[in-house]
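Undergrad: Position chain D relative to chain C; hints supplied.
So the sequences go chain by chain: C and D.
All residue numbers for the first sequence refer to our numbering, where the first residue is 1 and numbers rise by one.
All residue numbers for the second sequence refer to our numbering, where the first residue is 1 and numbers rise by one.
There are no misleading hints in this set.
Pairs of lysine-lysine residues, derived as BS3-like cross-links and limited to a Cα-Cα distance of at most 30 Å, are as follows:
| # | chain 1 | residue 1 | chain 2 | residue 2 |
| --- | --- | --- | --- | --- |
| 1 | C | Lys-148 | D | Lys-38 |
| 2 | D | Lys-38 | C | Lys-145 |
| 3 | C | Lys-213 | C | Lys-196 |
| 4 | C | Lys-48 | D | Lys-196 |
| 5 | C | Lys-48 | C | Lys-38 |
| 6 | D | Lys-145 | C | Lys-38 |
| 7 | D | Lys-5 | C | Lys-148 |
| 8 | C | Lys-148 | D | Lys-48 |
| 9 | C | Lys-213 | C | Lys-188 |
| 10 | D | Lys-148 | C | Lys-5 |
| 11 | D | Lys-212 | D | Lys-5 |
| 12 | D | Lys-42 | C | Lys-188 |
| 13 | D | Lys-145 | D | Lys-133 |
| 14 | C | Lys-212 | C | Lys-188 |
| 15 | D | Lys-145 | C | Lys-48 |
| 16 | C | Lys-145 | D | Lys-145 |
| 17 | C | Lys-196 | D | Lys-48 |
| 18 | D | Lys-42 | C | Lys-148 |
| 19 | D | Lys-196 | C | Lys-42 |
| 20 | D | Lys-38 | D | Lys-213 |
| 21 | C | Lys-145 | D | Lys-133 |
| 22 | D | Lys-145 | C | Lys-133 |
| 23 | D | Lys-148 | C | Lys-42 |
| 24 | C | Lys-133 | C | Lys-38 |
| 25 | D | Lys-148 | C | Lys-38 |
| 26 | D | Lys-145 | C | Lys-148 |
| 27 | D | Lys-42 | C | Lys-196 |
| 28 | C | Lys-48 | D | Lys-148 |
| 29 | C | Lys-148 | D | Lys-133 |
| 30 | D | Lys-42 | C | Lys-145 |
| 31 | C | Lys-145 | D | Lys-48 |
| 32 | C | Lys-133 | C | Lys-148 |
| 33 | C | Lys-133 | D | Lys-148 |
| 34 | C | Lys-42 | D | Lys-188 |
| 35 | C | Lys-196 | C | Lys-212 |
| 36 | C | Lys-145 | D | Lys-148 |
| 37 | C | Lys-212 | C | Lys-145 |
| 38 | C | Lys-42 | D | Lys-145 |
Calculated from the structure, these hints are not laboratory results.
Computed from a predicted model, the values in this text were never measured in an experiment.
Protein chains: 2
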Amino acid sequence: MGSVKVYGPAMSTAVSRVMACLLEKEMPFQLLPIHLPKAQHKSPDFLKLQPFGQVPAFQDGDGTTLFESRAICRYICDKFAGQGNRSLLGREGGGAADRARVDQWVEAEAHSFNPPSSALVFQLVFAPSMRLKQDPAAIRENEAKLRKVLGVYERRLAESRFLAGDEFSLADLCHLPNAHYIVSATDKAELLTSRKNVARWWEEISARPSWKKVLDMRGAPPA
Amino acid sequence: MGSVKVYGPAMSTAVSRVMACLLEKEMPFQLLPIHLPKAQHKSPDFLKLQPFGQVPAFQDGDGTTLFESRAICRYICDKFAGQGNRSLLGREGGGAADRARVDQWVEAEAHSFNPPSSALVFQLVFAPSMRLKQDPAAIRENEAKLRKVLGVYERRLAESRFLAGDEFSLADLCHLPNAHYIVSATDKAELLTSRKNVARWWEEISARPSWKKVLDMRGAPPA
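Looking at chain C on its own, in the form it has when it is part of the complex (with noise of 0.2 Å):
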């Protein structure tokens, strides 16, 4: 059995996803980089992985290949049920309501948190980086965004611990690299931590070590 492949720059919120993944479940994985300006995503290798041409892409140690962050995290969950983090998908023997409770906020996650925080992101981390001119508009409409939908967290986690009940999940996994970027490297930094329970649902998430691992992969200081 080869090793667990993951194709893609440590940088991207979506490769950094999948890497939290797999440090909770305590499985090693070899990172290789994709260089996103040379646009090796766009190789007809890489498509043959991505027939997007986006990362990341995954390749099990049985040559099983998958796309799309959330559902490569999904199977690194049912493939590595017994080891690491047994509770990512909901508690052991929790059934199916359990996994749907933990599933509905990766959810809320890819529909409700990530489109206004990636184009946050993109405007006020990579675009500057890549000298590309910011869009104040655009900025303006998605802090608003991203304003009502952590209002709607802050009543959720003021009556659970985390997203989805007592266990950190998949679900509050999710969030980090996106919120990850907003509170170290925006000046945006209180839509999270000026919120009661959100700032303390941050604090807890992001300190734990699969993250800490996955910045020190990148190369920066932990937060």
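TA: Same frame as chain C, but now just chain D:
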């Protein structure tokens, strides 16, 4: 045990997705209308079921409540594994890799197909019916994005009968609501019908009795 309840208007693409899944699983359910123009989805009672104020919300016979259409669909497949269509989340006995192959295409629908197709459906179908002004730039931009996505689908469907493999799955099902509006209610049907393999796939998945029943329940003639 009470009955399964879906809250939301049948015209909503996300509500239709859940209805199609329940019908594939031969699971009886009640559809409880939520009147969007009256802002019933923003009422305190509805926000207890769906904190973001979006449709659908879902309630199981045992009182489990869930939101997010794709999470609800996965739950229905897990909870009612033994009845109706048993391969929506991968072939029986197919294991984690089989489920993940379905899941990656559910995610491709959510992140690649859904954003431009939802935007087109809003601009071309819902905006006129709500007497809102159409945005020609948004129509052009999203048509171009969807065309590119469907180019990837055409290559995938040249080598595979359905998106995830030889069997109809949740991945195909998730596309039905937006694809139906584009083919039957806009002048952009050719996006799907002009591509040999996408057209073959669309013809096969849209002919499923479950989907025809969703259209019947909407009170619209089947496409």
